[in-house]
Structure formats: structure tokens, C-alpha cells
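K.L.:
Make the full structure from the sequences, and use the hints.
One letter stands for each residue in the lines below.
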Amino acid sequence: MKSKFFYLLSICNLLAFSFYLFSFSKKENTKVIDFQDKIIKVRGIVVVDSFGVERVIIGSHLPEPNLSTYGSRANSRGKLGVSGVMLYDAEGQERGGYVTDDNLGNAFLSLDSKTQMQLLLLSEPQGAAAIMLNSHDRKNTITLSTSDENASVKLKKNEKNIKLYENEK
Amino acid sequence: MKNNKILSTLILLFAILCCKGQNIFIPKLTNINPVSYTDVIFTGIKDTVLISTFSGRISKRINGNPKEIVIAKIDDEIYSLAYHSQRKDIAVATLENGILLLNEKNGKIIKKLPLKTTWSVAVFFSDNFNYLFTQDQKKNQYVWDVTKNYQELILPSDFSKGAIVKIDKQNIATIVASNKIVYWNMNNNTVEKEILVDLKKFTDMDSEGNFLYLNYNECTKYNSNTHQSEFKVKHPNWITHDIEDPSKVYEDDYSMNLTTAKFAKNKIFTASIDRSIRIWDKKSGVLLQSLTDHKATVNKLKVSKDESQLVSIDLKGGIQFLNIE
Chain A
0 MKSKFFYLLS ICNLLAFSFY LFSFSKKENT KVIDFQDKII KVRGIVVVDS FGVERVIIGS
60 HLPEPNLSTY GSRANSRGKL GVSGVMLYDA EGQERGGYVT DDNLGNAFLS LDSKTQMQLL
120 LLSEPQGAAA IMLNSHDRKN TITLSTSDEN ASVKLKKNEK NIKLYENEK
Chain B
0 MKNNKILSTL ILLFAILCCK GQNIFIPKLT NINPVSYTDV IFTGIKDTVL ISTFSGRISK
60 RINGNPKEIV IAKIDDEIYS LAYHSQRKDI AVATLENGIL LLNEKNGKII KKLPLKTTWS
120 VAVFFSDNFN YLFTQDQKKN QYVWDVTKNY QELILPSDFS KGAIVKIDKQ NIATIVASNK
180 IVYWNMNNNT VEKEILVDLK KFTDMDSEGN FLYLNYNECT KYNSNTHQSE FKVKHPNWIT
240 HDIEDPSKVY EDDYSMNLTT AKFAKNKIFT ASIDRSIRIW DKKSGVLLQS LTDHKATVNK
300 LKVSKDESQL VSIDLKGGIQ FLNIE
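So the protein sequences, as listed, match chains A and B. The first sequence maps to residues 0 to 168 in numbering that gives the first Met the number 0. The second sequence maps to residues 0 to 324 in numbering that gives the first Met the number 0.
Some clues are possibly wrong.
To be verified - DSS-like, lysine-lysine: derived pairs with alpha carbons at most 30 Å apart: (1) K156/A / K199/B; (2) K115/B / K87/B; (3) K113/A / K200/B; (4) K113/A / K301/B; (5) K110/B / K37/A; (6) K138/A / K231/B; (7) K231/B / K110/B; (8) K27/B / K113/A; (9) K233/B / K138/A; (10) K87/B / K113/A; (11) K233/B / K155/A; (12) K159/A / K200/B; (13) K111/B / K304/B; (14) K113/A / K266/B; (15) K282/B / K59/B; (16) K304/B / K231/B; (17) K264/B / K282/B.
These are calculated hints, taken from the structure and not from any lab test.
P.N.:
As C-alpha cells, this is what we get:
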């Protein structure tokens, strides 16, 4: 009696399991969800590559950079959060972003090497802007900036400021 | 009995598949590279190591075996490991849980050692295994007495600031600050010796007290006898292999950022984001060999206690063992 009951239960289980699998595959294969008239409201979206490495994060706030080179998370942003889009290379290292920060209200776009920020485009809330290009050790830099008071081009070559034409009429 | 087994198997299978429903939501944004190894540590004399990952996995890797033997999976990021070979304890530096102590045999957490602020990126046992020590990102120093079930030691107020990188068998702690190295006697709480030197990134010290430090793409050997930098080395090129034909090798004249450097026997080993390891003569600084087996940034090197083997890990989960001649 007991063995029959177990057999019956096993068959019921098998049937239920088969139905479950079938319904699951049907959803995956045939059902196309139309999001065309939908608006998605989320805190973050993560794009991963085939290895599961996070390559793009759109989020608020973005996570601290993982200094993968040294096997640790940096503590650079502290409580000053940034939100926007961040790009990561195949090793998971932060390589640039298009973000706004909560503290000063700057908007900026940056492109990073594996060690430093090499290019920065910055727009400040009061109406000033700057473009900065840096070598890895910042011995060679080019800075273009504008504000209500001034417009300037600064060039630093081998740690020496190069005098450019200024106050042209 | 047989029926019971069939039934149990089916129920188990059903339960597993039910639980396996796809959940596309994650609790927080983390920026994790789950394949990357974050640290490696020898557990035996050689050939056997423990590795950790950002995704919280601790596994055993054995030389010649391509598979990982998973010991534990914790719900936190792991940055550093230390191994107590007598107690079989693994100390794990994590992002959110401070230092965790795990049993190597069953992978279970046996103790949590909280940090005051932030997290630690390097945790060590002293050479005599009496102390466990680390520092957090806000530079708070921590020393725990292993013999007293990891009771935290209250460090004296004049204890030198900096990162404790070693406590030797005589209980002399080596403390590295940005401009000096201090040897602190923990038996009587006094400074044994102080070396003033501008350090960018300390990476290793040999038995004679010489040490290596990094500055971007340069590795400097500091001689403790002459109190001078003996020589500097940098990777002379970036060696890459053709994607379609790996036998084709290209060399570009880029000297890229170094990640770590180690002494072993009469050699110095340096690793870089250029995915290579270079072997240098310890006395002259002459380049002896370039190893290009890694497929990603080589982020950690560890030398076995008898200096007979080097193990290296990379950011794509690669691991290489190298016997040192």
C-alpha cells in the first residue's frame, strides 16, 4: 500500500514538474513582451559581458570604483555620490563616465586609463566649463577653461607652464 | 527504500528547479568583476593555494589541476586572505564584514572581527602566528592576539602610524609610512629602528631588510646596508600575442604600470598591467626573463615560504605556478 502511494506521488510529481518545465519554455520561446509604450523607472541597470564582468552601469548612485589592479575597492568618493553612466573594461576596471555629482552639482564626462583620469570635460553649475587633458603623471597637461571672468588656455609641458599668447585684442 | 530514494530525488529536483526561477533584480550596484582573483595565499609548502574573488568565493587551487575546489562562498567582497597553517584558520578581509575567520575544512565562519571604519585590503598573520593584523582605509591599525582567541590588542598611543606589513618571530613589527619604515618592538613597545625613505608603494622586504617599492612603472630596490636606492627596473616593453595566431609576438615600447613586486632567492619578480611577469637579477637588476602566460593584468604575486615557488593571479581568473631555480 505504502509503495503504491509512493509510486503515485512520484508520477504526480513528475507530471507537475513536466508541466512546470513546459510552461517555462513556452514563455521563453514564444512570448514577446512589448515595452514600446512602457516607461521603465529604476535605480540602476547593469550590462554584463559573457563572463559576467560588469561593463556598463547606469545608476544612482554609482558604486565606488573597484581598483582591480590592486584587488580592492577604492575609497575615493566617500559620501559624495555621483550618478549617471559608467564604463568598465574587460577586467572590470572603471574607464570613464558621464555623471553629475551631488555635492557641487558639476556635470562631467571623463575618460580614464588604467591608472588615471586622462580626459575631463566639466561643466560647473554657475556657468563655467573646462576641458582637461592629462598625461598619467600630470607632468604634461592642457587645460581649456571659460567662466564669466576669464577664458584661458593653459599648457604644461614636462612640469613647466608654457606661456601662451594672452590678452589678445 | 528504493521508492523513498526515487521520491526524494524527484522532490529535490523539483525544489531546485522551483528555486531557480530567474531573478533579474540585484540588491545594490557593486561594479564587480566576478571572474577576477583578488588574492592568493599558499597553504602548503608549495603547489596548493587558496584564492579569493570579489564575488565572495574562496577556493583551493592545486598546481596542475585546472579546477577550483570551492571552500566557502560568502555574501561579501573579498580583498585579502591570510592563512594560519596550525589552526587551519583563514582570515578574510571583506568590504562589509571586517575580517572574517573561516575554518578551512568546512568553510564555516568561526568569528567576525569588526573594523572601526571602512574595510581592509591586506590582512596578515605574524611569522609566529601569534598575531593577526591589518589596517582599514582610514588608517586605523588593528592587532589581534591569536592565542587569546583573537582578542584585540590595545596599541600604545605612540605606536607608529602606517601600515603594519610584518611581525617577525621576535615580535618586531615593520610599519610602513609614506616617508619612513619603523621597526617596532612589541615586547617592550619601543622603536627599534627607523629608516627615512620616500616610499610610493611598499611591496616587499627580504630577510636582509632590503625592500622593494613601486612608483607607477618603476620598481626600486632599497639597500638597507647602504641606506640608498640600489637600482630601479621597469618593464622595457609591452609584449602582446596576435589574436588569430598566438605564435606571432609583438613588442611595443610602452613601459606600463607595475602592480606588485617580490623578492625570492637571488631574483626579483615584477608584475604589471601589461599582463607579464619579469624576472630580474637581485644583485644587478638585469632582466633575466619575461613571462607572458597571463591573459590579463597580473595583480598579485606570492612566494612560498621556502622560496621555491611563485604563484601569480590575474584579473580574469588566471593562475600560474612557477618553480624558482
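K.L.:
Are the hints correct? Go through all of them and say.
P.N.:
Each hint, compared with the structure:
1. Of the supplied pair hints, the one linking K156/A and K199/B holds, its CA atoms being roughly 23 Å apart against a limit of 30 Å.
2. Taking the CA atoms of K115/B and K87/B, the gap is about 26 Å. The hint holds against a cut of 30 Å.
3. A hinted pair counts as satisfied when its Cα atoms are at most 30 Å apart, and K113/A with K200/B qualifies at roughly 17 Å.
4. Proximity of K113/A to K301/B is assessed by CA-CA distance (about 23 Å); at most 30 Å being required, the pair is judged to hold.
5. For the proposed pair K110/B and K37/A, the alpha carbon gap of about 49 Å is over 30 Å, so the pair is violated.
6. Restraint check: the Cα-Cα separation between K138/A and K231/B comes to about 20 Å, which is no more than 30 Å; the hinted pair holds.
7. Note on K231/B and K110/B: the hinted pairing is violated, with a Cα-Cα distance of about 43 Å set against a maximum of 30 Å.
8. A distance of roughly 25 Å separates the Cα atoms of K27/B and K113/A; the hinted pair therefore holds under the 30 Å criterion.
9. Between the alpha carbons of K233/B and K138/A the distance comes to roughly 19 Å, so the proposed pair stays at or under 30 Å and holds.
10. About 37 Å separates the Cα atoms of K87/B and K113/A, which puts this hinted pair outside 30 Å; it is violated.
11. A hinted pair counts as satisfied when its Cα atoms are at most 30 Å apart, and K233/B with K155/A qualifies at roughly 25 Å.
12. Taking the CA atoms of K159/A and K200/B, the gap is near 26 Å; set against the 30 Å cutoff, the hint holds.
13. Distance hint between K111/B and K304/B is fulfilled; the C-alpha atoms sit about 27 Å from each other, no more than 30 Å.
14. For a cut-off of 30 Å, the pair hint linking K113/A to K266/B stands: about 28 Å separates their Cα positions.
15. Taken as a hint, the K282/B and K59/B pair is broken in the structure, with Cα atoms around 35 Å apart against an allowance of 30 Å.
16. Restraint check for K304/B and K231/B: satisfied, since their Cα atoms lie roughly 26 Å apart, inside the 30 Å limit.
17. Pair hint K264/B plus K282/B holds up; C-alpha atoms about 11 Å apart against a cutoff of 30 Å.
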